[in-house]
Amino acid sequence: MKDTKILIIVVVAVISGLLLIPTITGKEVSWFPSHKINLGLDLRGGMQIVLQVEVDKAVRDELGRIGQQELPDKLKEESVTLKKAYVSDTADKLIVEFNDENDRNKARTILEAQWKQFTIEDTRSAGGPALALGMQKEVIAGIRENALKQARQMIDNRINEFGVAEPEIYTSGGEQIIVRLPGVVDPGRAKQLIGRTAVLEFKLLTDKAICGPTKDELLRPYGGQPPEGYATYARVAKKSSSDESGYCLLRKTPDFAGSYLTDARMGFGQYQEPEVEFQFNQEGARKFGELTGANIGKQLAIVLDNQIYSAPVINSRISSRGQITGSFTPEDAQDLAIVLRAGALPVPVRIEEERTVGATLGEDSIHRGTVSFIVGGLAVVFFMALYYRTIGFSANLALVLNVAMVLGGMAALGATLTMPGIAGIILTVGMAVDANVIINERVREELRLGKSPPAAVRVGYDRALWTILDSHATGLIAAAFLYEFGTGPVKGFGVTLIIGLISSVFTAIVITRVIADRLAARSRDTLSI
Amino acid sequence: MHKFREIIPQGTKIDFMGHAKYVVPFTVTLAIISLVWMFTKGFNWGIDFAGGLEMRVEFKGAAQNVKIADVRKAMDELPKALNLQDLEVNDFVIPGKNVYAIKAKGEERVARAGGDVALHDLSSKLLEYLEGRYGKGNVEIVSTDMVGPRVGHTLRKAGILAVVGALGGILVYIGFRFDFKYGQGAVIATAHDVIITAGLFAILQREINLTAVAALLTIAGYSTNDTIVIFDRIREGRRGKYRTLPLREAINKSINETLSRTILTSGVTMLAVLAMLFLGGETLFDFSLAMTFGIIIGTYSSIFIASPLYVWADELFASRRKARRAAR
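Heads up: the sequence lines are chains A and X, in that order.
Under our numbering, the very last position in the first sequence is 529; numbers go up by exactly one each time.
Under our numbering, the very last position in the second sequence is 1328; numbers go up by exactly one each time.
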């Protein structure tokens, strides 16, 4: 029995030690199931961005598309005329207006029979009798999920092209994407790269579309509000030419979409200024050729994420190539090319949270964390040895093993060590000591009652067992909530605490017991405790 | 016979339940003051929960000797377009470096800030401004924390959920392992500790951030742990050698017996926490401060809050039983 225990202890100790080899030597061993302990961004430096993905816009867009295309087509087929279809303010319904009740009722019968993905209700709108088409919850959930997935994929592509080592990108809570970029990055550049929606559109300056220096001037003929289907767009300021600033009034629907893009590269313009050159695929080239061929002499605005980069005059038919000019630095142009190449996000994203830690602070944190760990640990170790003498050494051995097990466990689980995590390990030391104190005080009591050392150790450990289990269990409950609801560094704290509490039970109950039993067996009437 | 090194001499007989008469009103008052303070003056929510921007900036090279007053002046002269007034500027200690923390807190302020500039561009704009003022290469971002209003909201909800959930979980566990008479004592004592520590944060107006919540939860865990050890002993005594003693006396004996353990554990944990408090730097300071305070309160609440509550519940149950018996 005792031998099995010793065997278990040796195995655990050896495994913990082995798990830490990559961390200590700094080398990864390919066949070994353990890696270096991940350092959190707060320790190694780096950047974390939380992106809010506007998944509701995907639902709105889809409803809008159905209202513009599928629904009119469907009703035309059945020869029912509809007046107007638009997305409700709540963005989960399509409101369809009809000329009279008769048309509405006909449409209702048809749609109820054939469009099962909608719940259909009668409603009245300002324009007369109408139907409200509500999308089923599951369909909405599917659209949202898909938008999130696609956005994630796009951001993945962009970061891969940008070239950051070991990026972590994952979705969270149904509408967020969390991006972690370890190491030193240029935060401004990274944010430009990740946070850009990158919707490229081309809009002709025809009909009412004009440009001017101020919004007010453009909107004056329309009483301050843009006419239906139009919106104002800001022009990107350029350092070189003063005439190209201000705003343009443009149609909302683009004349040509950037989704036909196959390639984008940084290039240099005629004055050697950086620009982004792009190329369309075959279909795109044909369509773009038609558009430009038919509109020679007119201006074509190149709009990226609702900002006008330039609005050159079309001099001749252009088919497959074009360029975006702006006052780009080479890095700007390069990053924009990456973003265009990787593709536009299906819906806009917003940077909701940003955390950057430079190398200086990371190093300082590691240094301070280590120093306080060593000082605190040594103080505890000295105290235990002084107070409990021989048994104190056994408690200290358990303490060292405990820390090794926590670190080994973290390496094996691929957990991340953060600054609060270091605090967690220090607290684990406190908990482990507590277990030993409880046991030793119990054993002392039994000895005072006149029991022989072996009997005192046996009774003391047995009595202390449940106390230790109970106290660790409540600790685990608190730690589990920290892990579940904590984010970032706090989650790391929860992880270390959980692993630490488990290993603390093991070291206190199993490891020190074996040593205490042996010591007690050898000492006939006194025990150094 | 055995000679042990002891902090608490054998045979110590402190009348804890007797002293509880004076300690309970005192500490309950303390808890009430904390609660009142929390609800009137409120917490100084850090940007994790309130939203906002906090940047720690190192000044080096030609800007090596920039003083905090210079940085404050620079912030006062920020371009109007950024719409960021009354930024807080504080020291941030990294030995051998000249670092200051610049902070804009509060979701409304942040939403207002920037004008045409998006929230996430603010840090870049601030850096640009400082670089323009002190020269490129002379200012370096040590760290940036930007939390949008929506995230702040989610984080606050998660934080509250974590604290309340942990307390509930602990109650269920103790109810399961002991019984309600013990369970309510342990949970009220733990809640008392959390409230007073949170109250300390409110009174000192130290920031409540994610780390502070972690500290509060750790205190909850620690305090219950401490209470459980004592309760275990009380239960063991009442079932065994102190079965015939009056309740208060039995509890006094049990607490005296565990006293050296209580003091030792608190003391040793304190050693580790104090090391963090003095050597851990700014990142760990608030955490260690809360822990130091929490350990002290957690220790005395096990003795002076949890145990008397148990006595009270036990006596209440006993008198009800007696009344019922008399009625029959």
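Take these hints with a grain of salt, some might be off.
Below, computed lysine to any residue pairings styled on SDA-like, alpha-carbon distance capped at 25 Å [said to hold, decoys possible]: (1) LYS1125(X) x PHE162(A); (2) LYS1241(X) x THR206(A); (3) LYS1181(X) x LEU465(A); (4) LYS287(A) x PHE162(A); (5) LYS1021(X) x PRO1246(X); (6) LYS1021(X) x ARG1005(X); (7) LYS1003(X) x GLY450(A); (8) LYS1125(X) x GLU62(A); (9) LYS1003(X) x PHE162(A); (10) LYS93(A) x ARG44(A); (11) LYS1003(X) x PRO454(A); (12) LYS1003(X) x PRO254(A); (13) LYS1125(X) x GLN192(A); (14) LYS298(A) x THR360(A); (15) LYS1003(X) x GLU62(A); (16) LYS1157(X) x THR206(A); (17) LYS1060(X) x LEU465(A); (18) LYS1080(X) x GLU62(A); (19) LYS451(A) x LYS1021(X).
Now the in silico label distances, taken between C-beta atoms and shown as ranges [claimed, not checked]: (20) ARG1325(X) x SER528(A): 24 to 34 Å; (21) ILE6(A) x GLN1010(X): 51 to 61 Å; (22) LEU1078(X) x GLU138(A): 31 to 41 Å.
Partial list, computed: chain A residues near chain X (C-beta under 7 Å) [to be verified]: (23) ASP56; (24) GLY127; (25) PHE162; (26) GLY163; (27) ILE351; (28) GLU352; (29) ARG355; (30) THR390; (31) PHE393; (32) MET419; (33) VAL429; (34) GLY475; (35) ILE502.
What the hints contain is simulated information worked out from the structure, not anything from laboratory work.
The C-beta atom is built at its ideal place from N, Cα and C for all residues, glycine as well.
Hint check results:
Of the supplied pair hints, the one linking LYS1125(X) and PHE162(A) holds, its CA atoms being roughly 23 Å apart against a limit of 25 Å. With a CA separation close to 98 Å, the supplied pair LYS1241(X) and THR206(A) exceeds the 25 Å bound. Simply put, LYS1181(X) and LEU465(A) have alpha-carbon atoms about 23 Å apart, close enough for the 25 Å limit, and the pair holds. A C-alpha spacing of about 31 Å is found between LYS287(A) and PHE162(A), which places the hinted pair above 25 Å, so the restraint is violated.
As the CA atoms of LYS1021(X) and PRO1246(X) are separated by approximately 17 Å, the hinted pair is consistent with the 25 Å bound. A distance of roughly 33 Å separates the Cα atoms of LYS1021(X) and ARG1005(X); the hinted pair therefore is violated under the 25 Å criterion. For the proposed pair LYS1003(X) and GLY450(A), the alpha carbon gap of about 13 Å is at most 25 Å, so the pair holds. In summary, the hint linking LYS1125(X) to GLU62(A) is not supported, as the alpha carbons are separated by about 36 Å, beyond the 25 Å threshold.
Between LYS1003(X) and PHE162(A) the CA atoms are separated by roughly 69 Å; this puts the pair beyond 25 Å, and the hint is violated. Distance hint between LYS93(A) and ARG44(A) is unfulfilled; the C-alpha atoms sit about 48 Å from each other, more than 25 Å. Between LYS1003(X) and PRO454(A) the CA atoms are separated by roughly 17 Å; this keeps the pair inside 25 Å, and the hint holds. At most 25 Å may separate the alpha-carbon atoms for a hinted pair to count; LYS1003(X) and PRO254(A) exceed this at roughly 90 Å.
Among the hinted pairs, LYS1125(X) with GLN192(A) is consistent with the structure: their alpha-carbon atoms are about 13 Å apart, no more than 25 Å. Among the hinted pairs, LYS298(A) with THR360(A) is inconsistent with the structure: their alpha-carbon atoms are about 54 Å apart, more than 25 Å. For the suggested pair LYS1003(X) and GLU62(A), the alpha carbons sit about 82 Å apart, so the restraint of at most 25 Å is broken. At most 25 Å may separate the alpha-carbon atoms for a hinted pair to count; LYS1157(X) and THR206(A) exceed this at roughly 51 Å.
With a CA separation close to 57 Å, the supplied pair LYS1060(X) and LEU465(A) exceeds the 25 Å bound. With a C-alpha separation of about 41 Å, the suggested pairing of LYS1080(X) with GLU62(A) is violated against the 25 Å cut-off. A distance of roughly 38 Å separates the Cα atoms of LYS451(A) and LYS1021(X); the hinted pair therefore is violated under the 25 Å criterion. Separation of ARG1325(X) from SER528(A) is about 54 Å and departs from the stated range, judged on CB atoms against 24 to 34 Å.
Distance hint check for ILE6(A) and GLN1010(X): the Cβ-Cβ separation is about 35 Å, which falls outside the suggested range of 51 to 61 Å. Remark: the range hint 31 to 41 Å for LEU1078(X) to GLU138(A) is contradicted by a beta-carbon distance near 50 Å. Nearest Cβ of chain X to the Cβ of ASP56(A): about 13 Å, over the 7 Å cut. The hint is violated. With a least beta-carbon distance of about 35 Å to chain X, the hint placing GLY127(A) at the interface is violated under the 7 Å criterion.
Of the supplied interface hints, the one on PHE162(A) is violated, with its beta-carbon coming no nearer than about 17 Å to a beta-carbon of chain X, more than 7 Å. Using the Cβ-Cβ criterion of 7 Å, the hint placing GLY163(A) at the interface with chain X is not satisfied: the shortest such distance is roughly 21 Å. Of the supplied interface hints, the one on ILE351(A) holds, with its beta-carbon coming within about 4 Å of a beta-carbon of chain X, less than 7 Å. Against a cut-off of 7 Å between C-beta atoms, the interface hint on GLU352(A) holds, since the closest Cβ of chain X lies about 4 Å away.
A hinted interface residue such as ARG355(A) counts as satisfied when its beta carbon comes closer than 7 Å to some beta carbon of chain X; here the least separation is about 5 Å, so the hint holds. Proximity of THR390(A) to chain X is violated relative to the hint, the smallest CB-CB distance being about 12 Å (cut-off 7 Å). Taken as an interface hint, PHE393(A) does not check out: its beta carbon lies about 14 Å from the nearest beta carbon of chain X, beyond 7 Å. This hint holds: MET419(A) has a C-beta 5 Å from the nearest C-beta of chain X, less than the 7 Å allowed.
The beta carbon of VAL429(A) is positioned within 7 Å of a beta carbon in chain X (closest approach about 6 Å), and the interface hint is therefore held. At its closest, the beta carbon of GLY475(A) sits 4 Å from a beta carbon of chain X; the interface hint therefore holds under the 7 Å criterion. Interface restraint check for ILE502(A): the shortest CB-CB distance to chain X comes to about 14 Å, outside 7 Å, so the restraint is violated.
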